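**Student:** Using the supplied hints, reconstruct the complex from the two chains, each of which is provided in its own coordinate frame.
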Amino acid sequence: MTFNIYDFTSFTTWIDQSLNSLMSPTLALITEMVIIGVVFLLFYAVVGLFLVYAERKVCAFMQNRVGPNRVGPYGIFQTIADFIKLLMKELVYIKDSDKLLFNIAPFIVIIASFMALSAIPFAKGLHAIDFDIGILYVIAVSSLGVVGILLAGWSSNNKYSLIGAMRSGAQIVSYELSVGLSLLTIIVLAGTMQFSEIVEMQSDGWFLFKGHIPAFIAFVVFLISSTAETNRGPFDLAEAESELTAGFHTEYSGIKFAFFFLAEYMNMFLVASIAATVFLGGWMPFHISGWAGFNTIMDYIPPFVWYIGKTAFVIWLMMWFKWTFPRLRIDQLLTLEWKYLLPINLVNILLMAFLVLMHWHF
Amino acid sequence: MNSFFKYFSDIFHGVKSLLIGMSVTGRYFFSPGQIVTQQYPENRKDLQMFERFKGEVILIHDANNQHRCNGCGICENNCPNGSIEIISARVPGEDGKPKRIIDKHIYHLGMCTFCGLCVKNCPSNALGFSQEFEHAVFDRSKLNKVLNKPGSSIIKGVE
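Line by line, the protein sequences give chains A and B.
Taking the numbering used here as reference, the numbering of the first sequence is continuous, increasing by one, and the terminal residue is 368.
Taking the numbering used here as reference, the numbering of the second sequence is continuous, increasing by one, and the terminal residue is 181.
Mixed in with the good hints, there may be bad ones.
Straight-line C-alpha distance at most 25 Å; calculated BS3-like pairs for lysine-lysine [stated by the list, open to error]:
id	chain 1	residue 1	chain 2	residue 2
1	A	Lys-345	B	Lys-38
2	B	Lys-38	A	Lys-328
3	A	Lys-165	A	Lys-105
4	A	Lys-63	A	Lys-328
5	A	Lys-63	A	Lys-105
6	B	Lys-38	B	Lys-28
7	B	Lys-167	B	Lys-76
8	A	Lys-345	B	Lys-28
9	B	Lys-126	B	Lys-178
No wet-lab data here; the hints were simulated from the structure.
Just so you know, these numbers come straight off a predicted model, no measurement behind them.
Chain B with its partners taken away, still in its complex shape (with noise of 0.2 Å):
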């Protein structure tokens, strides 16, 4: 008696949980707003990239053309691909000693996978990712980028 309900109580089952699978899909079926491909070339003008998308590496710069980068090189030390390189200079700080701040940060993004290792080592949280991603060039040597801009400097109290 016990198995003659089990065989309908299992039909009933499979019935419901099938119905529940079709009712999902058809949803999605009947409301076509849902749909999340981004028809690229077409929507290129007003194309949204998401905030956490990794386009590219950049150092951030702030209105006044600062940045958070003391030279340190950890982010060098980090990148497993060799794509980053620090060239840090000596400056004489305000207390007679002298100072290292960043002079080149190159960025070969020819050779980075994106891992993001430099972003999340980096201790003063001066690096991180655009939504940039249309990185095509006709030559290889414009992918080797200097990251921080001419002129800028470091932010008081940061080093």
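Looking at chain A on its own, in the form it has when it is part of the complex (with noise of 0.2 Å):
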């Protein structure tokens, strides 16, 4: 067995062939998808865990304050405390709910942005499935997590759980046609949508500056469509805490609201690393095409640390909207949609076409 932090192929290949000298492919198959589960429940725990005591110490930052600082050696176990109160608390059952429904919502949610997570490829070789469509089967898949929040609304029997599922709805079905429009800019310069073969071709540039113009722009509307797309604020009117309670998650306690509120930071999280994948070239390492030696100090930097702290940066740019801005009323936002950015996203795509045609690309 050959361990590199650089390539993980050769240690996967490794766990393949071990699980296929033991048992019969079948139950290769089966173990190897039970141990990708597994490895994803924690890593989405940890990064979930994780992201809340980031947002808290961002916003804190950006607000002149401390954040948590009690728990742990600067608050950093406040989230795992926040985690343990919130599993010994009572579910709630609210009266003339819809419980089958009300009780399916929150593993709806989370299953939808756990099938995405799996089409992220996190560093060389290390990618659960790499479909060819890649990219399309991640804005189908995260869109579903869209049905959890109407059902979670329509459930609580509750006039504000119910308002911001609605808004939701309407936000996410307008901004998704965004999402998937900015992300053809760079399916049009890519020519794929197979996540490795578009990180590969990264090598010699990232995309955002391969396609200079249109992909910058394409990565803005990007960024806002897919903060909005995550019910993130300054477009958190889902939630709208001082409006609606807390939107479509009013009635719930305990575990279950605690499994939205993973969901949402896993999204940020999903989205965020779609982001850096496309744009920002994924794991591959800051090259600029000719210079041999800076190309090779920025190798001996691994694969996964670059994914990490491209994701990270644009988490943080993220976690910077929400705390600058005011949150939009329902009208705006649709007016921001419809009349702002899908036209200049249409007009990009032209741009971004013509510019492949006439190889005026890096």
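**Tutor:** So this is what it looks like as structure tokens:
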């Protein structure tokens, strides 16, 4: 077995081969699925807990505060304490609620983000499923979460929940369009929807630089619309705590609320990793074509670190948005999408297509 | 044509104002020295309260143990919840006439809401706020304080 932090392919093939030599191929496949599922569950929990902590710290620094600093050094165990508290809380039964849908809704939300996570390339060879339509799959699966949100609002038997869920539905249906179109701009440049190929093509420069102006516009549009798609501020009017108490998850308590909460942060992580993969080169180190020495130095940093760093940067950008901008009204939200982002996006795709046609990209 | 230009100027103005907002929060993020939160129990030794902080009402005494209170009782009248009691005494003055002085300026800290009406209305500016804020005691009676220090007298010329 050769374990190499720059290329996980040999490591994963070693696991595959040793499992296959131990048991029948079907059983080996099932075992591999279970292993990957457990790894993703652990990753999910760790990332979710860390992101909640990071959000609170970033928010605090942007408001000239200190943030959580009591539990552990610099408060790093604060979210673990919060999570234990949530686990021990009572699951309140809601009178006249639709019990089945009410209980299913958090799982739909969390499963949607789970499924999307499987198509993300984390490092070279560290990639659960490499679909040849990876981007399409991620867009399709991640928008399933809105079903869970709508069900949660509908089954809660609460007008605030329902209003929040309806707003969320309108918002995600609109902004899904911009997310898709801005990714389409890059697909035009890349000529493929497969994540591994997209990352591989950025080995001599990230798409943000390769596609210069239209890629940059697409990146900005993607940031805006993906922030809206994850129901985060300034587009958080699905939960709008000052108007709708908590929107669609008003009636949820304990671990079911924690599921919604985790799913929100996980969706943010997902969107950030898509942005990092498609625009910033994923796990690919920062390369400038022609500068061989510089590229070798950059190659010494492991791909996983590059991936986490870029994702963390995009997440930080989204937190920066949330803690700077005031919340939009529902009509402003839809105006922004249908009158501004969508036309800009369409023109941008044309521009990119022209650019690719004329070979004006790098 | 006009609305066409308005569309683009709207976009640019929007982006510009968003960037201004982001520059403010970004500056805060990268300069943690600006954090105003006091981490109280840790910095108890060197915590400096602000001068205008309303800790508790005091009768200001100078170095000679003299204050400016003549016992007029205006603070007592102005206190909305009766946390001030004035007990004045009469002593013969220099010209032979009886003169009113303060005997006990009783202040019930437990009833005080720190509104500051007594300090504001004192005609001779005798009262003030201290920056002391750790008021917790184990016995309620310790919250009843006599503000004029024993043996203190009024500054000449204030009455």
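**Student:** Indicate, hint by hint, whether the structure satisfies it.
**Tutor:** Consistency of the hints with the structure:
{"no.": "1", "hint": "A:Lys-345 - B:Lys-38", "verdict": "18 Å, holds"}
{"no.": "2", "hint": "B:Lys-38 - A:Lys-328", "verdict": "17 Å, holds"}
{"no.": "3", "hint": "A:Lys-165 - A:Lys-105", "verdict": "17 Å, holds"}
{"no.": "4", "hint": "A:Lys-63 - A:Lys-328", "verdict": "13 Å, holds"}
{"no.": "5", "hint": "A:Lys-63 - A:Lys-105", "verdict": "37 Å, violated"}
{"no.": "6", "hint": "B:Lys-38 - B:Lys-28", "verdict": "15 Å, holds"}
{"no.": "7", "hint": "B:Lys-167 - B:Lys-76", "verdict": "17 Å, holds"}
{"no.": "8", "hint": "A:Lys-345 - B:Lys-28", "verdict": "13 Å, holds"}
{"no.": "9", "hint": "B:Lys-126 - B:Lys-178", "verdict": "19 Å, holds"}
The structure fails to meet hint 5 from the earlier list, while all remaining hints are met.
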